[in-house]
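*Asks:* Chain by chain, the residues run as shown.
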Amino acid sequence: MKRLKILVVMLVLVLSITFVFAQAQTEQVFPTKGIEVLVGYSAGGATDIAARMVAPYMEKELGQVMTVINKPGAGGEIAHTATAAATADGYTLGYIHAPATISITLNRKAAYKLEDFVIIGNVVYHENLIVVPPAGRFKTIQEVLDFAKKNPKVLTIGNSGAYADDHLASLAFQNTVGVEFEDTMFQGTAPSLVALLGGHIDLVMCNVADIVDKVKQGQLIVLATLGAERNPLFPDSPTMKELGYNVQMGNYTTLAAPAKTPPAIVKILQDALQKVANSEEYVAKATEMGLPIKYFNAEETTEIYEQQAERLKELWVLLDLPTT
Amino acid sequence: MVTTIPTLLAIFLGSLGGVIIGALPGLSSTLGVALLVPFTFGLEPATAMGLLAGMYCSSIYGGSITAILINTPGTGAAAATVLDGYPMTKNGQAGKALHTAIISSFIGGMIGTFALLFIAPLLSRIALKFGPPETFMLSIFGLTIIASVSSKNMIKGILAGLLGLLMSTVGFDSYTGFPRYAFGNINLYEGITLVVALVGFFSIPEALTLVKTKQKQIDVDIFIDKKSSKNRLSMKEFIHLLPTFLRGSVTGTMIGIIPGVGTPVACFLAYNEEKRFSKYPERFGTGIIEGIAAPETANNAVEGGSFVPLLTLGIPGSSQTAVYLGALMILGIKPGPELFTAQAPLAYSIILGLFFANVMMLFIGIGGVRFFIKIIKMPNAVMVPVILTFSIIGSYAINGNIFDVGLMLALGLIGYLMRINSMPIAPTVLALILGPIGEVAFQQTVSITHSKVWMIFTRPICIVLLVITVLSVIFGLRKNRIVE
Numbered sequence: 000m001k002r003l004k005i006l007v008v009m010l011v012l013v014l015s016i017t018f019v020f021a022q023a024q025t026e027q028v029f030p031t032k033g034i035e036v037l038v039g040y041s042a043g044g045a046t047d048i049a050a051r052m053v054a055p056y057m058e059k060e061l062g063q064v065m066t067v068i069n070k071p072g073a074g075g076e077i078a079h080t081a082t083a084a085a086t087a088d089g090y091t092l093g094y095i096h097a098p099a100t101i102s103i104t105l106n107r108k109a110a111y112k113l114e115d116f117v118i119i120g121n122v123v124y125h126e127n128l129i130v131v132p133p134a135g136r137f138k139t140i141q142e143v144l145d146f147a148k149k150n151p152k153v154l155t156i157g158n159s160g161a162y163a164d165d166h167l168a169s170l171a172f173q174n175t176v177g178v179e180f181e182d183t184m185f186q187g188t189a190p191s192l193v194a195l196l197g198g199h200i201d202l203v204m205c206n207v208a209d210i211v212d213k214v215k216q217g218q219l220i221v222l223a224t225l226g227a228e229r230n231p232l233f234p235d236s237p238t239m240k241e242l243g244y245n246v247q248m249g250n251y252t253t254l255a256a257p258a259k260t261p262p263a264i265v266k267i268l269q270d271a272l273q274k275v276a277n278s279e280e281y282v283a284k285a286t287e288m289g290l291p292i293k294y295f296n297a298e299e300t301t302e303i304y305e306q307q308a309e310r311l312k313e314l315w316v317l318l319d320l321p322t323t
Numbered sequence: 073m074v075t076t077i078p079t080l081l082a083i084f085l086g087s088l089g090g091v092i093i094g095a096l097p098g099l100s101s102t103l104g105v106a107l108l109v110p111f112t113f114g115l116e117p118a119t120a121m122g123l124l125a126g127m128y129c130s131s132i133y134g135g136s137i138t139a140i141l142i143n144t145p146g147t148g149a150a151a152a153t154v155l156d157g158y159p160m161t162k163n164g165q166a167g168k169a170l171h172t173a174i175i176s177s178f179i180g181g182m183i184g185t186f187a188l189l190f191i192a193p194l195l196s197r198i199a200l201k202f203g204p205p206e207t208f209m210l211s212i213f214g215l216t217i218i219a220s221v222s223s224k225n226m227i228k229g230i231l232a233g234l235l236g237l238l239m240s241t242v243g244f245d246s247y248t249g250f251p252r253y254a255f256g257n258i259n260l261y262e263g264i265t266l267v268v269a270l271v272g273f274f275s276i277p278e279a280l281t282l283v284k285t286k287q288k289q290i291d292v293d294i295f296i297d298k299k300s301s302k303n304r305l306s307m308k309e310f311i312h313l314l315p316t317f318l319r320g321s322v323t324g325t326m327i328g329i330i331p332g333v334g335t336p337v338a339c340f341l342a343y344n345e346e347k348r349f350s351k352y353p354e355r356f357g358t359g360i361i362e363g364i365a366a367p368e369t370a371n372n373a374v375e376g377g378s379f380v381p382l383l384t385l386g387i388p389g390s391s392q393t394a395v396y397l398g399a400l401m402i403l404g405i406k407p408g409p410e411l412f413t414a415q416a417p418l419a420y421s422i423i424l425g426l427f428f429a430n431v432m433m434l435f436i437g438i439g440g441v442r443f444f445i446k447i448i449k450m451p452n453a454v455m456v457p458v459i460l461t462f463s464i465i466g467s468y469a470i471n472g473n474i475f476d477v478g479l480m481l482a483l484g485l486i487g488y489l490m491r492i493n494s495m496p497i498a499p500t501v502l503a504l505i506l507g508p509i510g511e512v513a514f515q516q517t518v519s520i521t522h523s524k525v526w527m528i529f530t531r532p533i534c535i536v537l538l539v540i541t542v543l544s545v546i547f548g549l550r551k552n553r554i555v556e
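Residue numbers (this note's numbering), protein chains in the order written: chain F, 0 to 323; chain L, 73 to 556.
The set of hints was computed from the structure by calculation and includes no laboratory data.
Heads up, a few of these hints could be off.
For each label pair, taking beta carbons as the anchor points, the in silico distance ranges come out as [what the hints assert, rightly or not]: (1) F:I68 x L:F111: 13 to 21 Å; (2) F:K152 x L:N257: 46 to 54 Å; (3) F:K59 x L:M450: 42 to 50 Å; (4) L:L481 x F:I68: 48 to 56 Å; (5) L:L485 x F:K112: 47 to 55 Å; (6) L:V536 x F:E298: 53 to 61 Å; (7) F:E302 x L:L538: 54 to 62 Å; (8) F:D319 x L:L549: 47 to 55 Å.
Ideal Cβ placement from N, Cα and C applies to all residues, glycine included.
Sequences and hints are given; from them, build the entire structure.
*Replies:* This is the structure we're talking about:
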C-alpha cells in the first residue's frame, strides 16, 4: 500500500511537472514561424518607416522574422479590415491609429470595429500643432485668435486630408476655441507646407515629426501645440491648454492583434514590445531618425483609444460630420 | 566622396536593379527606392545616396523597355513612350527605339541634374509660386493635349478623354471624404491606381490582338545586325533630336519642381510640345524618334527637378522623393535651406551621385539593348502568356491586392473594345492622370479664394497658362482641320 501511495504521489508529481513544463513549452512555442505586420499605407510613409524600424528589434526579442506588409488603400481601412479578420494566432498583426482607425468607423460603414483589435502597445505618438512661416503676419496664436474672431472663415488652414487626424484636430480646435477657419484639404502634409511657404494659405495643422527640422532651420514657427504639456522641442510654443482651451489632439501609431488572439500569445507580444521600447539602442535609433516614439503599454493605450472613441463620437455629433 | 569603389559599386547595383524594377509592370520606382532604404543602414551617406540615385534614375528609364517592345508601360513614366515606341517596334526599328530611349533618358537626367546643381534656389522660388490655382490651370492645359494624342478622329478622342475623366472621379472626394462610384467596395475607395489602368489598357488589348493575328515571319536577323541603320541612332538623327532634348529637359525639370504634378504629366506635356514644334505633326504616333525622345528626356529630367523642393525646402514633391526624405533622415541628413550651406559637402555628394547614376544608366542601357531586343524574337505563343503573366503579377504587386488584378482585366477588356473600334486609348490615360490632380487643385482653389474662383486670374502664372491653353485649343482645331 505504502509503495503504491508513493508511486501515486510520484506519478502525480511527474505528471504535474510535465504539465507545468508542457505549459511553459506551449508558451515558449510562440512564435515558431515568421510574423506578418500589416501597414495600411505605402512603403516609405511615416507608419511604414516606424514599422520597419521596430521590426528588427522585435525579431531579436521573439527569435522569429517579422515582415512588414504594405496593404495601402481606403485610408488604411483595407489593412485594418485584413488585420481584424486575420487568423487570431498571433502571426498576423497590424498597425492601427488614433484617431484615423476610429474616425473611419464613424465616417462610413466600415468592415471592422475598434473592438476587433487587442492592443499590443503604442509605438509612436506626436501631438498636433499649428505652424506659420516666420515672415508671415502672425507671430503668436493670440494674434490669430483675435483676427479670426473678428473675421470668421477668412483664414485658411491646411491639413493632410479630409477627416484625417490633422483635419479633425483643426475642427476640434475651432470648435473649442470658438473661431472659424476655412479648412483647405491637401493630400498629405508635404503639399500643405509648400502652399504655406508659398503664401497660398495662412496656417497649417500638422504633427510634430512633420516640421521639427523646418522649425530648427527657421522655415516655420510653431504658434501653439495641442499637447498636454509644452513640448521640449518647442519650449517657447504654448499649449492650448495653457491658454485656457481644453483641446488636446495628436496621432497615435499602435501595434495591435486580432481581438480573439489567445491572451498568452498577446502577453508574449506585449512583453516583447515593452522590452524593445525600453532598450537604449532602439531609443537611440529612433531619435537619430527623428521618429517621435512614445511607448504606452497595452492598458494605457487601450484606455487612450476608448477615450478617443468617446471624444470623436461627441465631435461627430457636435459638428454634424458626414456619415455614410 | 562619390568616386570610391563601394559607392560606384552601389550606383551600379542600384542602376541594374532599377532597370529591372522599371521594366517590370507594377513595380514602380517609388517601390524600388523604398525597398532599398533598409539596405542603406550603416552605409556611408555618399554610398547610400548612390544606391538610391541609381535605382531612381534607372527605374524611370526601365519602364520604356517594355513600353517599346511589348506595348506595356511598366511605370506611369513610360505612358507617353508607348505612343511612338511600340509602333517603331512594329516597323522593325526596335533597336533604334531603345537607343533613342536610353540616350534621351541620359540627356534628360543630366540636364535636370545640372539645373539642380546650378539654379536650385531660383527653381525653388518658382515652385513656391505654384499654388493650387496654378496647378489647376496646368491640368486644364494638360487636357488640351487630348487633341494631339487623338490620332485621326477628334470626336472619338474627346469621348475617350471623357471616359478617362469619368473614371478618375472614382474614389474619395477630397473634400467630403465620400467614396464616389465605389458601390461600397473598399478596394475602389482610393480610386483606380494608374499603373493598374496602364497595364490593363495597353497590354491586355495587345495580347488579345496578338492572339488574333497570324504570326508574321519576322526577319530576326535584322534585329541582331548591329550595323543595320534600323538598330541604332545615327549621328544625323542625334543632331536632329538636339532641340527635342532641350525642350523635353526644360519641360521635365519645370514639372519636376512643382509638387504633386508628377512624371506622367511631364511626359505627355513634352510629347505635346514636340508635336506642336514639329514640321510633320501628323507622323506622331506612327513610330518616329521624336515621339520617344521627348517623353523620355522629360521623365528623367523630372528627377533633378523633383529634388529641388526636397533639398532646398526639405519638402518632397513626389512619392519617390518622399521615400528619399525618409532615407536621408535615417542617415542623419536634414534637408532644408541649411543643406547647401551647413552640410554643403553632403548636398553636393547627393547631386554628384545623380550624375554618376545617369552615366551608369547609359552604360547599362546601351549594353542591354541587344539583350532586351531578344524579347521580340519570341513567338506569339510564348509572348502572349508572358505579357499576361507580367500584367497579372504587376497589377497585384502594386497594392498587394487581388482586386486590382480583376480591375486590370476589366479595363483590358474595355481597352480592347476601344481598340477594335479605333478609339485612341491615350486620351483616356491622360485624363485619368490629370483628372485627380485638377479636381483636387480646383477644390483647394475654391477654398483659398473663398469661392471667388475668378480671383485666380489676378495671378500672373494663371493668366499665362490660360493664354497657352486657348492657343493650344485653337492650334489643335486648326491642325485637325488640315488633316481632314
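*Asks:* All hints are to be evaluated individually against the structure, with a verdict given for each.
*Replies:* Cross-check of the supplied hints:
In this structure, F:I68 and L:F111 meet the distance hint of 13 to 21 Å, their C-beta atoms being roughly 18 Å apart. For F:K152 paired with L:N257, a C-beta distance near 36 Å fails the hint of 46 to 54 Å. The beta-carbon spacing between F:K59 and L:M450, approximately 47 Å, falls within the hinted interval of 42 to 50 Å. Between L:L481 and F:I68 the beta carbon distance is about 24 Å. The supplied range of 48 to 56 Å is therefore violated.
The beta-carbon spacing between L:L485 and F:K112, approximately 37 Å, falls outside the hinted interval of 47 to 55 Å. With their beta carbons about 60 Å apart, L:V536 and F:E298 fall inside the hinted range of 53 to 61 Å. Between F:E302 and L:L538 the C-beta distance comes to about 55 Å, which sits within the given range of 54 to 62 Å. For the hinted restraint 47 to 55 Å between F:D319 and L:L549, the CB-CB distance of approximately 48 Å keeps it satisfied.
This entry does not satisfy hints 2, 4 and 5, going by the numbered hints stated previously.
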